[in-house]
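> Take these sequences, add in the hints, and give me the full structure.
Line by line, the protein sequences give chains A, B, C and D. Under the numbering used here, residues 2 to 663 are what the first sequence spells out, in order. Under the numbering used here, residues 354 to 577 are what the second sequence spells out, in order. Under the numbering used here, residues 403 to 894 are what the third sequence spells out, in order. Under the numbering used here, residues 44 to 349 are what the fourth sequence spells out, in order.
There's no promise every hint is true.
Unchecked claim - For each label pair, taking beta carbons as the anchor points, the in silico distance ranges come out as:
#, chain 1, residue 1, chain 2, residue 2, range
1, A, D553, D, L83, 32 to 38 Å
2, B, T356, C, V458, 49 to 55 Å
3, A, Y462, C, E764, 37 to 43 Å
Unchecked claim - DSBU-like, lysine-lysine: derived pairs with alpha carbons at most 30 Å apart:
#, chain 1, residue 1, chain 2, residue 2
4, C, K892, A, K24
5, A, K364, A, K458
6, A, K364, C, K841
7, D, K345, D, K329
8, A, K415, D, K345
9, A, K364, A, K491
10, A, K415, A, K491
11, D, K345, A, K323
12, C, K449, C, K762
13, C, K607, C, K840
14, C, K840, A, K364
15, A, K323, A, K415
16, D, K69, D, K262
17, D, K95, D, K69
18, A, K659, C, K892
19, A, K659, C, K607
20, D, K95, D, K345
21, A, K50, A, K491
22, C, K840, C, K762
23, C, K761, C, K840
24, C, K840, A, K24
25, A, K491, A, K323
26, D, K91, D, K69
27, D, K262, D, K91
As the list claims (entries may be wrong) - Chain B residues, not near chain C, derived (Cβ > 12 Å throughout):
#, residue
28, M380
29, P392
30, A404
In short, the hints are calculated from the structure, not lab data. C-beta atoms are modelled at their ideal positions from N, C-alpha and C, and glycine is treated no differently.
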Amino acid sequence: MQQYLIAIALIMSGGILALITRKNRSVSTIAGAGSAIFGSLIAIFPVIKVLFYGNSFAVFTLNMPLGEATIGLDVVSAFFAVPVLVLVPLAAIFSGAVSRHEKHSADGYWFFFNTLAAAMLLLLVAANAIIFLLAWEIMSVAAFFLITHRDEIATARSAGWKFFVASHIGTAALMILFALLGASSGSLEFAQFATAHLTEELSSIAFFLALFGFGVKVGLLPLHVWMPDSYTFADAPVSAVLSGAMSKMGFYGLLRILMLLPAPAASWGWVLVVGGLLTGIYAMIAALAQSDLKKVIAYSSMENAGIICMAIGCSVMAMCWKQPVIAGAAMVGALLHILNHAICKGLLFFGSGAVYWGTGTRKLEMMGGLARRMPFTAVCFALASAAIAGLPPFNGFISEFIIFVAGLQTATLKNPQALLLATIILGGLALIGGLAVATFARTFGLVFLGAPRHDKKREIYEVTPLVRVPFIILIVLMGLITVASPWLLKPLLAVAGALMTSQAGFSAADLQGNLLQQPVIMVVQLSLALLILVILGWQIRRRLFSRGDRSDRLTWDCGYAEPDARMQYTSSSFSQTIVDIFSVIVRPYRHGEKVSGLFPRHASYRSDAPDSLLRYLFLPLFGLIDRALLPLRALQHGRLHLYIGYVAITLLILLLWKVVVI
Amino acid sequence: MNTLATLLALTCLFLLGSSRLLVSIRMVAFQGFLLGILPFFVSGSDHVGVAAIILSLASIGLKGFLLPKLLTRALFESGARREIEPFIGFGASMLSGVALLAVSSYIVNRLETTAQIGSSITLIAGFFMVFSGLFLLITRRKALTQTLGFLVLENGVFATGLSLGSEFSVFVELGILLDVFVGIFLMGIMLFHIDREFDHIDADRFNELSDLAFDASEDEEVSE
Amino acid sequence: MTTAYALIILPIITGILSLFISSERLRRNLLLIVAFTHLFISIVLCKGGVGELNGVWIGLDHLGRLFLIITSLLFTGSAVYSMVYLDKHPHFDGPAIAGLRMPANSNAIYAACMQFFLAAMTLSILSMHFGLQWIGIEATTLASTPLIYYHRNRRSLEAAWKYMILCSVGIALALMGVFFLAMATSSHVQQFTSAGFALFSGYLKVEWLKVAFIFFLVGYGSKMGLAPMHTWLPDAHSEAPSPVSAMLSGALLNCAFLGILRIYQVCAAVPTAAAFANEILIVFGLLSLAISGIFILHQPDYKRMLAYSSVEHMGILALGVGIGGSAVAAALLHAVGHSLVKASLFLLSGNILAIYATKKVEDIKGLLRHSPLNGVLWLAGFLAITGTPPFTTFNSEFAILRVAVQSHNWTVAVLYLLFLLLVFIGMLTIFMHMTLGKKGEAEVDSASGESFWQLLTPVVFLSVALLLGLYLPEFMRDTINGAAMALGGKAL
Amino acid sequence: MISPLSVAICLVMILLSPLLLGVINKTKAFFGGRQGPPLLQLYFDLGKLLGKTSVYSETTTVVTRIAPFAILFSTLAAALLVPVAFRNAGLSFAGDVILLAYLLGIGRFFMVLAALDTGSAFEGMGASREVLYSALAEPAFFCGLLVLINETSQIGLSSIYARLTTDFWWQNPATLLLLSTSWMIILLVENARIPIDDPNTHLELTMIHEVMILDYSGKDLALIEFAGAVKLAIFSSLLVGLIFGCQAQSLPLQLIIFAAGMLLVSIVIGIIESTIARLRLLHVPKFIVGSGALAIIALILKLAGN
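This is the structure in structure tokens:
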């Protein structure tokens, strides 16, 4: 625990140092990145200790203005600390390495980066509402400044605006939530919350407040509108941290509150599952319609949030039905998926950063054929895509597999609701998974494969060796998680147990059903065998049976003599067929004139899909409020005697209302 | 005693009705004078002390002579027209004045049920002065008339205080008096400035400062 | 006791002196000296135990301590700021008015009135007697009007006039309140002080007390800037010199608030009256929050925006007191936080005005690039004023919310948060527009806003607000709790 | 767990899978009144292709080289998970069906990537259609599966099939009908048969599966073709296991019935292909969703049953 706090202090002080020395780029970079890396390394140890060798409730007490406040590190906190401690140092390395080649000033960048990291670490150990809110808000503020770091771009500013407003709305809900819990338990300590005897509806109110407040960070369906832009306009490493770590803090909060509330109601589970389903589908359709690389990845993190939400919901339902095994399995799936998502998102955002750095654009239409120019990035991106799309043999599949198994297990219950739940989960996951495959096949294919679309004059850079380090580390982690997943189940089950024992009164023993162990082992073995076979086959083919093969021919284009890069399928056209079907959800702007006449002069097609909910729900809503409030400004008309009139009238009304009873 | 109160009430009615600034100023001066001598008549002469005498003299001196003189000067210095331009015509003003009088007497009757009051007539007069002061402030255009209105309001408050028989020590009374005096004095000075800056003393044309002017360009932030 | 009187007399004397001092430097240093002596004396006074100083006229209870320290601190802050401020502005010769000639140039008047202002505020804080307090508060109006008219132009004149008339009317009504309060007394009450009343709360005539409270609220409320009596506030704050705006919004409003608190203290002692007062306070609090939210949205002038935010925070104070319980203590804490933050924001706005020479939000872009220090402080101030942790304002706002939820008036809690949100959105839009982004086309004079004296106060105040958010010193906690107890509230 | 015997049977099935296509073509020829290609035609084709060298487009990358192996091996692995001849699959464990689906998913992923790798407009077109249809088909498949899971309260494919007895089907034939239809449609979709796609046409614009492999030649093409045959066999055996739920204990009998079932399925496919016209691409999604609807109806029946 001390180590953990020391780490936080180190990171924070490094940030401040970086701020002081901001004039000298290299020094401030070393201060910021270095402290972030070392701090994370220090913090890893207590976290590992707690995760693998059971709870160590080292509780510290601070004297805050609103009374004593405690902080402590338990299994759940430790688990959620992992993505932070993985992504923060790697992102630090990445942006440290990249920033050396940049002209843009780094004013405050490292300060806010380290503040973000420190705030997240503090948030995780907060065992008191005030400290929690404090860390939560600091986290949001730091994120805001990181998003608007490129503030000379108007869209980046508006992205920051959206983020800050959204997160503030969420925080408002959280404040009510904690006020409610504090009121009913008479203390702001989490430990006391558990003892608060909430009535049915009060606990439901509390849960939905939590869902709303944390849903904003997580990016659940109506509350996600800030997400795409923010992740797009933040620097790539920042986006990685935001999406992989910060938005997971939302899940942390949700689970933490779930832990503290009395036994959950079925309605909660339904809301979570259905909400997750809608989020996932919406996100994937939207992602398919995007023409901006980072937007695609942003939407994909929304999709994964949906999947995780579904899993948690499934677990909640199982708790209601007293099915510890299923509940445990679903929760383990959710937790593992959180971990995997963090890693894959790290890779993908780093990859997008590398691409942006190399090509100077984020537009899918301007890319293509990059695999030849930046093979390293291509390989990393391919692996990450396969993993995030949940394809075996990668880690993403393991977690989705576990969730699926939980869903299948639910279907075996002789209970109509259970069958319905299973249908939603399996059908939903399958659909989302299928769309995810589509999305990432499209993304990878159009960015790295085919013929280059960018202008030939531009030089394309592959990333420098130092920048490769985070990629490699993440890929190693991917492999580790895949191979070690059977052994990871135990600590994960421990975390799940910690989350659920307080609830439905499950003992940790109930969760240790060997529902998962054997299948996971099988899956891992089979998929690894497959991997090896494929590589083997390919190599053999290449070494022994490739005589006479030739690769100097043009692509077959119906005998058309002069194929050209401009003839290949574009991202818009690739997704058009799919998007058209779901045009209810996404309404892309379509620009361009139709091809007409026998000898058409010029024709073009471009589609661009802004977030529908933003366009059709929030902007109109805000506009409405705006217009409603505008006329009231006439109150301040500047005429003194009427002002005096206000005073007199107020006096009169008060007298009539309160004193004179005519 | 009651005659005094009635006189006060009448002055207010007159103020509401009068169309000439100069006359109004005189009237306010007269009011101040009346107010100055009022204490001696309130509930007998049991507290005619040196202090009280000083107090009333001061109040007469200030409200009856000094302030009116100042205001008159202000009036002459500023080339402003001598008429009052009301938002509500004089006739209407007087009618509403009568209504206010009725209201105040009604209120006083209600109050008498709850507490014993020094002299109800004076209290009625006091309330009426307060109301008519507010009325003047609200319905008159010129900055000068607003000053007058404020003065009337203050007088009303005084009368009320007296008639409620709630007297503090002389120092407090003096302090209050001083405040009022300085207040009116400052207003007077500002009247000159207003005259110089705006070459009119129409308070209702003072609306440079307002939130009416506004452009919605900022909500582009949202729509981006 | 004498020290207490000295606290009031000293500024008056020095003020009169500085009217006749001709040397700018001397006058300015005198101002500074007075400020620090005043601060010193008040700290000394507050160190003394409670009850040492409770006369019929002058006294110093927990409430008094709190507000005295704030006021003195703020005065010192703006005095420090004034050092350069007066430099930057031309001195007008006192114009001849009606034969009597202004004795000195406008800077002399400025210095003098600042000190009279201080004296008046000190009086209104120290006075236990309601009448005396009334005198003090009226005096603050008189002393501050010339300060608002410092710039000697139409707009400032208009602002001053409106301020003068509106506040005088309001305060006249408050005087009515004082008289009615006298009616509420019974033969038992010896002292015309809130403590004296509270002592014999059983014998008070509740009807009269209620009437008195209404008149106090409307009267002092118009000075405190509770909607809908707040209308003078944006004009005065936007036209006055920045240090004066800081004083007005950080200290003066508190004094008016104190005026209401005194009568509330009496009401709190009488159960029925207490419920009645709470209801009214909650209504006015919410109303002020709503109004300020409406006007902060799209506010084209950043000083007006700050003024409306003051209205908002006065609303929060009223709300907190109205909700009762530990929210009262929270409200008092909030008063402290608001004074510090708002003062620094107004001073910073002065710097920005000096840099850009405009009050239009439209014309200000890229402050962070033009003047990083001011930009950072400006943003920090924004975070603080919108109640973002770790600033102290967050604690108080959350504590108020908590009590609101605890006492199950959900509507209040929800409306409270909604209006805060509205304000936040409005302010965020404005602050982002001003600080972020590329440099605008307009050529600016960054240097004129970055001198040591101009930045000292905001830096100190904001960091104090930050520290208070993380740690509340014992003596302060005691003072606040004591004051809250006196107002029938609970400890924080 | 692993059962060697089933693995052996599975291997046999894999080796024989090209026959199915032969049967289909024979049937079509029969309906067309033609003599048609020999049953073993695909074996000849594969042999010929394996002898040839490959030609790659110059835009292609290593993806194109790996894809055939990824496609083939993932399909073979999938085949291992399918219950054959009414016995446990070669490999069976709880939730193996998920792995089955996703293994096929890998194949698809690489196919699509390979298609995009060539940078050809046509192949891109095919790829986009492929991903869409499979994304729609998978949920339908799982919905059908849920009925069986809920019926047998098992989550392993083999253990589910082990409990699918004929008398169960006698009890509720409606479910059987719905499910088999639904899975038949999925089979057609996944194997790019008429009415979704026409394996014989060579008009690139209308193709899905064929167009994606336009640029493959020689050995690579052979691998992909073979993988296609195996995939067909996988789905057919799923269908057979579903319909002919028999509990004959003797291995020979099981084998015979299984073989007959497979034969029947391919004949049915042949009949469908020769009687139904190819759908317009716009209508295909409805068609697939329809199959999902059938499965859902079966589910609702099940719910009513509980």
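> It remains to establish, for every hint, whether it holds in the given structure.
Quick rundown of the hints versus the structure:
Hint check: A/D553 to D/L83, Cβ distance near 35 Å, so the stated range 32 to 38 Å holds. Look at B/T356 against C/V458: about 37 Å separates their beta carbons, and that is not inside 49 to 55 Å. Our hint of 37 to 43 Å for A/Y462 and C/E764 holds, since their Cβ atoms are close to 41 Å apart. A hinted pair counts as satisfied when its Cα atoms are at most 30 Å apart, and C/K892 with A/K24 does not qualify at roughly 50 Å.
With a CA separation close to 17 Å, the supplied pair A/K364 and A/K458 stays within the 30 Å bound. Our distance criterion of 30 Å between C-alpha atoms is met by A/K364 and C/K841, whose separation comes to about 28 Å. Of the supplied pair hints, the one linking D/K345 and D/K329 holds, its CA atoms being roughly 24 Å apart against a limit of 30 Å. For a cut-off of 30 Å, the pair hint linking A/K415 to D/K345 stands: about 10 Å separates their Cα positions.
Restraint check for A/K364 and A/K491: not satisfied, since their Cα atoms lie roughly 43 Å apart, outside the 30 Å limit. Straight-line distance between C-alpha atoms of A/K415 and A/K491 comes to about 29 Å, which keeps the hinted pair within the 30 Å bound. In summary, the hint linking D/K345 to A/K323 is supported, as the alpha carbons are separated by about 23 Å, within the 30 Å threshold. Between the alpha carbons of C/K449 and C/K762 the distance comes to roughly 45 Å, so the proposed pair goes past 30 Å and is violated.
For the suggested pair C/K607 and C/K840, the alpha carbons sit about 64 Å apart, so the restraint of at most 30 Å is broken. The hinted pair formed by C/K840 and A/K364 meets the criterion: a straight-line CA distance of about 24 Å does not exceed 30 Å. Distance hint between A/K323 and A/K415 is fulfilled; the C-alpha atoms sit about 14 Å from each other, no more than 30 Å. Taken as a hint, the D/K69 and D/K262 pair is honoured in the structure, with Cα atoms around 26 Å apart against an allowance of 30 Å.
For the hint linking D/K95 to D/K69, the alpha-carbon distance of about 27 Å falls within 30 Å, and the restraint holds. A distance of roughly 27 Å separates the Cα atoms of A/K659 and C/K892; the hinted pair therefore holds under the 30 Å criterion. Restraint check for A/K659 and C/K607: the C-alpha separation of about 15 Å stays at or below 30 Å, so the hint holds. Among the hinted pairs, D/K95 with D/K345 is inconsistent with the structure: their alpha-carbon atoms are about 53 Å apart, more than 30 Å.
With a C-alpha separation of about 14 Å, the suggested pair A/K50 and A/K491 falls inside the 30 Å cut-off, and the hint holds. For the proposed pair C/K840 and C/K762, the alpha carbon gap of about 17 Å is at most 30 Å, so the pair holds. In summary, the hint linking C/K761 to C/K840 is supported, as the alpha carbons are separated by about 19 Å, within the 30 Å threshold. Distance restraint check for C/K840 and A/K24: the Cα-Cα separation of roughly 19 Å lies within the 30 Å cut-off, and the hinted pair is therefore satisfied.
Distance check on the hinted pair: A/K491 and A/K323 sit about 21 Å apart at the alpha-carbon level, within 30 Å; holds. Restraint check for D/K91 and D/K69: the C-alpha separation of about 21 Å stays at or below 30 Å, so the hint holds. Between D/K262 and D/K91 the CA atoms are separated by roughly 9 Å; this keeps the pair inside 30 Å, and the hint holds. Here B/M380 stays apart from chain C, with its beta-carbon at least about 19 Å from theirs, past the 12 Å limit.
No Cβ of chain C comes within 12 Å of the Cβ of B/P392; the nearest lies about 14 Å off, and the non-interface call holds. Against the 12 Å criterion, B/A404 stays outside the reach of chain C, whose nearest CB is about 15 Å from its own CB.
Hint compliance for this structure: hints 2, 4, 9, 12, 13, 20 are broken, all remaining hints hold.
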